[in-house]
Amino acid sequence: MIINETAIEQYNRTTWINFLKKVVLYFFVLSAILGSSTNAFSNETYRQLNLFGDVFERVRAEYVDKVSDQKLIEAAINGMLTSLDPHSSFLDAKNFKDMRVQTKGEFGGIGIEVTMENGLIKVVSPIDDTPGAKAGLKPGDFITHLNGKSILGLNLRQAVDKMRGPVNEEITLGIRREGADPFKLIIKRAVIKIRSVRSEAIGNIGYIRITTFNAQTTPGLIKALDDLKNTLGKKLVGLVIDLRNNPGGLLNQAISVSDTFLDYGEIVSTRGRDPDKASRIHAKPGDLAEGLPLIVLINTG
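Per our numbering: the sequence shown = residues 1 to 301.
Since the hints were made in silico from the structure, they are not lab data. Glycine residues also receive a C-beta, built at the ideal position from the N, C-alpha and C atoms. Some clues are possibly wrong.
[Said to hold, decoys possible] Quick list of in silico lysine-lysine cross-link-like pairs, DSBU-like style, CA-CA up to 30 Å: (1) 94 - 162; (2) 162 - 104; (3) 277 - 97; (4) 104 - 66; (5) 122 - 229; (6) 162 - 193; (7) 149 - 97; (8) 66 - 122; (9) 122 - 149; (10) 104 - 234.
[Said to hold, decoys possible] Pairwise CB distance ranges (calculated): (11) 150 - 245: 30 to 40 Å; (12) 76 - 267: 30 to 40 Å; (13) 47 - 106: 43 to 53 Å; (14) 267 - 149: 14 to 24 Å.
Given these sequences and hints, build the entire structure.
Below is the structure:
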């Protein structure tokens, strides 16, 4: 059977143009339903959609390299959203999944902090009480293989994605350690929590570092406060909350963290196009710092 690739390409192009026409027709019909005041706007929308279709086809046909339709469409969506404000963006399925992991604050994995060195994954530090630490991974170990396949050619993110997976599922790591022959470790994945709160006593001051606002932040903060109170007791004279380079995260966690140190007052208000969706959130009684002096460190991060 002979397949005419030109005919297939023509078919794909025709299909896409027909799709655009349907979108344009939708706007046109909607404008007729909504009335003449909307009609002028929809006519302009019709013209702009036609322009978009023309540019799309020109790029597909004449750009120096072949570009996938998906890449072009996602780039157009990204351009539309980033033109609105710095905080609006489009997440494809992969990035949305990663975002859910970050905000949930836990994932199925082996529990190691890693970096990339000479094309291999280098263990920076196993996280305490995780499968990686219990299996005997050490700082400075190089991971060369995952389930028998070399990691050469993978970037750091791709390698990390392969080490993550369903809880209780095993993964085999090929390890190269200084002063030892290469060996394998079979590790069963477990739930790994992303630690967003760290604390320590510096003299009689309690220092608390919050790196992000995920689902684990408020419980981590409460535990940090309890630990500092138990360590210093009545010697605790103040707190330093370090939010430098914190990129943000879940709004409800930022509110909850603020509420931890407040007895009353408005914490935040939200509003949008629909006035009915505006809200004001106030602190509830119960300052866990019990009135201790508090310093908050911030920067542009």
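A quick look at each hint next to the structure:
At roughly 13 Å between alpha-carbon atoms, residue 94 and residue 162 fall within 30 Å of each other, so this suggested pair holds. Straight-line distance between C-alpha atoms of residue 162 and residue 104 comes to about 19 Å, which keeps the hinted pair within the 30 Å bound. Restraint check for residue 277 and residue 97: satisfied, since their Cα atoms lie roughly 27 Å apart, inside the 30 Å limit. Distance check on the hinted pair: residue 104 and residue 66 sit about 38 Å apart at the alpha-carbon level, beyond 30 Å; violated.
Of the supplied pair hints, the one linking residue 122 and residue 229 is violated, its CA atoms being roughly 37 Å apart against a limit of 30 Å. Between residue 162 and residue 193 the CA atoms are separated by roughly 18 Å; this keeps the pair inside 30 Å, and the hint holds. Note on residue 149 and residue 97: the hinted pairing holds, with a Cα-Cα distance of about 24 Å set against a maximum of 30 Å. For the suggested pair residue 66 and residue 122, the alpha carbons sit about 36 Å apart, so the restraint of at most 30 Å is broken.
Under the criterion of a C-alpha separation no larger than 30 Å, the hint pairing residue 122 with residue 149 is consistent with the structure, at around 16 Å. Using a Cα cut-off of 30 Å, the hinted pair residue 104 and residue 234 is violated, with the two alpha carbons roughly 35 Å apart. Distance hint check: the CB atoms of residue 150 and residue 245 are about 35 Å apart, consistent with the given range 30 to 40 Å. With their beta carbons about 38 Å apart, residue 76 and residue 267 fall inside the hinted range of 30 to 40 Å.
Checked against the hint of 43 to 53 Å, the pair residue 47 and residue 106 passes, with Cβ atoms roughly 49 Å apart. The hinted window of 14 to 24 Å between residue 267 and residue 149 is violated, with their beta carbons roughly 49 Å apart.
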